[in-house]
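> Each chain is listed here by its residues.
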Amino acid sequence: MAGVGWKRLGITTSAAYIMSFFFLLLPYRQNNSYPVLLNLQFLNFSMFAHFRFSRFDPMHIIWFLWFFHFTADAFLSCINENTSFLSMRLYRSSRNEVLKQMIRESLHDIIRLSVLLIMIIVSIAMLSLFWIRENISAASVLCVCLYCIRFSVLLQTMICAIRIFCLFNPPSYVFTLPFLSVLAGIGFDAVSGQHLITCSADLLMELYGLVLSAGLFCAMALCELHFFKRKEVNIHD
Amino acid sequence: MIELKHIRKKYKENILFEDVSAVFSSPVIKIAGENGIGKSVLLKMIVGYSFPDSGQVICDGSVLGENGRDFIEDAGIFIDAPQFMSQWSGYDNLAYLADIRKRCSAEKLKELIEYFDLTDDIHKKYRTYSLGMRQKMRLIQAVMDDPKYLILDEPFDSLDQTAVTKTMALLKDHVSAGAGRMMIYTSHSETDTSFTDEIYTIDHHKLVALPLH
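Protein chains in written order, with this note's numbering: chain A, 1 to 237; chain B, 1001 to 1213.
Don't read these hints as lab results, they were simulated from the structure.
We put the beta carbon where it would ideally sit given N, CA and C, even for glycine.
Each hint should be verified, as a subset may be incorrect.
Cβ-Cβ distance ranges computed for the label pairs, FRET-style [claimed, not checked]: (1) 182/A x 1197/B: 51 to 59 Å; (2) 219/A x 1201/B: 45 to 53 Å; (3) 108/A x 1067/B: 28 to 36 Å.
Could you put the whole structure together from the sequences, leaning on the hints where they help?
Okay, structure coming up:
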């Protein structure tokens, strides 16, 4: 199935993520819950401000960039290849059929990404328990797992949008729109203290967020189906 | 039969085609000319990847872009050297595409792979392939479903002389194997035109027929 290179992505993401977690854990472990630490990993700037930058370990930036670089590279390389490959799939069926197939693939990718993230989270929880002997509540783990699913839906909405925009001609706004949306989301989180992108550490809020994210994915799929019929196909890789 | 009716097409403020009309009915048609004159754009309009600013492309009586018809039907196409999934093997890529129409059996796919001397490399990752091997992959995906129409953009690029000869023989056999089959290909080089029935070039925004050598 076309999509994301999961093996490479899984190994690099897990390694970078787990390492960065322990770099964060050392300066911030006291009085911080597990979801809060998770948010710090994703550079939630309002939380950093709250917990004082002076305690921030600069080594985390290295791990974060490493993690971000490999993840972004793995996703983007696959997206670029799909653009060209899709042109050979398109003429064998129809625009609608390929688009529906891409959305089905994205749904499969959401499941894979969720499982991957949840496995990482559970590994970190287990490691924390054995290594640092810190108790992590079941509610916290459940909340973070829900967040992983929500994060997967948001990420796949962006990836699906990029894959489809790649097919449009001209494709100049391929990366602009989804990335601006994510930056706006992170910015909103930092300024307002809300949790559009980051983990809210609240079970009900995460459930609510999951429903909203799923709605966003469906709305995106419907819009793309509508617009795709009227656009020229970009077949450059 | 493919018909172009009063096609007009602009690309980045440059007019490529102005009131172009033509009927393609010969089995093998070559679009010749230098790089950048609009050969690939013409093919894109013929298959339905690109839309004319005005005019119509009619294939077997149906207008492309109308009544839910997105692309030319029953075709094998490659334009602008498309790439396959690099993390998959060559075989996985071809099998994935073959599975969409379900017309190409595993035996036939194997025959084509052997014909193009890709047997030893077909299970290696696509990203390790040379330019010539990639071109052979494109040719295989175009012909493997036994399509009525072949629309090929620079099919002989990156191939050595042996591969060019074999490709010509395969395409010739393919076109002559069934009534109504047609191939339109572009080339900027002076390839052997012994199996070509018509040659066109693009001159001053018009499609101009050239004499056969």
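> Does each hint fit the structure? Answer for all of them.
Hint by hint, here is what the structure shows:
1. Under the hint 51 to 59 Å, the C-beta atoms of residue 182/A and residue 1197/B, about 54 Å apart, fit the expected range.
2. About 48 Å separates the C-beta atoms of residue 219/A and residue 1201/B, a value consistent with the hinted range of 45 to 53 Å.
3. Distance hint for residue 108/A and residue 1067/B: a CB-CB separation of about 32 Å, consistent with the stated range 28 to 36 Å.
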